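K.L.:
Build out the structure end to end from the sequences listed, making use of the hints.
Residue numbers (the working numbering), protein chains in the order written: chain R, 6 to 233; chain W, 6 to 233.
Treat each hint with caution, since some may be false.
Pairs count within a copy or across copies, as identical chains cannot be separated in the list.
What the hints assert, rightly or not - Heads up, simulated SDA-like pairs for lysine to any residue below, C-alpha to C-alpha not over 20 Å straight-line: (1) 112 x 123; (2) 112 x 127; (3) 199 x 154; (4) 199 x 229; (5) 112 x 152; (6) 157 x 54; (7) 157 x 169; (8) 112 x 46; (9) 157 x 48; (10) 31 x 213; (11) 112 x 43.
In short, the hints are calculated from the structure, not lab data.
Quick caveat, the model's predicted, so the values are computed rather than measured.
Number of protein chains: 2
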Amino acid sequence: MTFDRTLHHFPLDPASRQVRLVLGEKRLPFREMPERYWERRPELTALNPSGLTPVLVESEAGRNLVICESRAILEHLEETAPEPGLLGRDPAERAETRRLLQWFDRKFDYEVNALLLHEKMEKRLLGLGAPDLANLRAGREALRSHMAYIDKLLQERDWLGGRRLSLADFAAAANLSVIDYFGDVPWNDFTGVKTWYMRIKSRPCFRPLLTDRWPGLAPAAHYDDLDF
Amino acid sequence: MTFDRTLHHFPLDPASRQVRLVLGEKRLPFREMPERYWERRPELTALNPSGLTPVLVESEAGRNLVICESRAILEHLEETAPEPGLLGRDPAERAETRRLLQWFDRKFDYEVNALLLHEKMEKRLLGLGAPDLANLRAGREALRSHMAYIDKLLQERDWLGGRRLSLADFAAAANLSVIDYFGDVPWNDFTGVKTWYMRIKSRPCFRPLLTDRWPGLAPAAHYDDLDF
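P.N.:
Structure (structure tokens):
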């Protein structure tokens, strides 16, 4: 009986990166199918009606299980491949991990990605012209307040969600890593966050992300440097 | 040993309504603490740094467990109060339920609520002036395409997520119910959706939502009518 996984993802999509990191951390092998989500490939829309990445397809004996959207995939992996556990051991840890997943998927995405990544990445991918400088500025300012919040959490905790590495760390790192590709993370003003990020960045699960390159979008010089 | 639950919520917040419906469906009693989230009450921000509703506080023997954000609360309730199960029995059902949770929390929220509810509700609550008619029109148009999608799902299934009532139904109903408060759901153009909504609306868990009223915001005449 053969079993395999295929992940439909866009390499610079923070939600896709969360899933790649977690698959790596759990040592679950998978095939990659990079998607240019903005082209709305019919085969992708057939898998996920929202047309968005990530989509994980698990195949066993000719039957496909299709799991769409990052939260659904992360919860599925916790349920079906529980080692190492990344959600938390008790209700309080799990609540905190999930609170932070929501924080990055929604608040960070609205306040930072929708400005900074839209202007620096999406506009280039979709051919929408030059970045709007006011939006870039607002996105960078919002990023600083999120960095301050992460820094505050890390002053009280070993990892973002508490005493143990969790999905919250991978959600935060996935989001920051895309912004870091474009060189926009003010690491030196937030050394606590930088130290935490270096710990995540040096994990084996992170390596594939460091080799991501997208035509026409060059990464910042330090992007794949583990000692940046 | 006393155990009690308090839900901090805003009565017309779709995310809060998801949780109220599920607490009701699972017959879990709770105290209500209505929040005017836009005032950013310090006690609420102390519980949830995002300042958003819903927040569920479970107290036992003087110890509080604070669970923030709707997805975290719904997953917590499935884990700690599993009857009746609303997530699905196997990985495929659970993946489909969670895909649809994401659909309503993100796609519906971006495309419909951010326009329609923002113009009709938030602007009044926050004193931001008259609704923008172009935004209202765009929100109503997006709502029609979501209604068409729900209709399509219901042509193939008994409930939104599949053969069983699930969190997906409560997510959809919670969102539509707030828009219905303002009289903006085109029920008569989507009779399959209307029939499904009547089934949900007549459940005991729905009753508290039908008595919600907010000062200065009158509901549509049919809002609390079970046979609308």
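K.L.:
Now tell me if each hint is right for this structure.
P.N.:
Tested hints:
no.: 1; hint: 112 x 123; verdict: both (15 Å within a copy, 17 Å between copies)
no.: 2; hint: 112 x 127; verdict: both (19 Å within a copy, 18 Å between copies)
no.: 3; hint: 199 x 154; verdict: within (13 Å within a copy, 44 Å between copies)
no.: 4; hint: 199 x 229; verdict: within (14 Å within a copy, 53 Å between copies)
no.: 5; hint: 112 x 152; verdict: within (13 Å within a copy, 27 Å between copies)
no.: 6; hint: 157 x 54; verdict: between (38 Å within a copy, 12 Å between copies)
no.: 7; hint: 157 x 169; verdict: within (17 Å within a copy, 43 Å between copies)
no.: 8; hint: 112 x 46; verdict: between (28 Å within a copy, 18 Å between copies)
no.: 9; hint: 157 x 48; verdict: between (43 Å within a copy, 19 Å between copies)
no.: 10; hint: 31 x 213; verdict: within (14 Å within a copy, 43 Å between copies)
no.: 11; hint: 112 x 43; verdict: between (22 Å within a copy, 15 Å between copies)
In the structure shown, no violation is registered for any of the earlier numbered hints.
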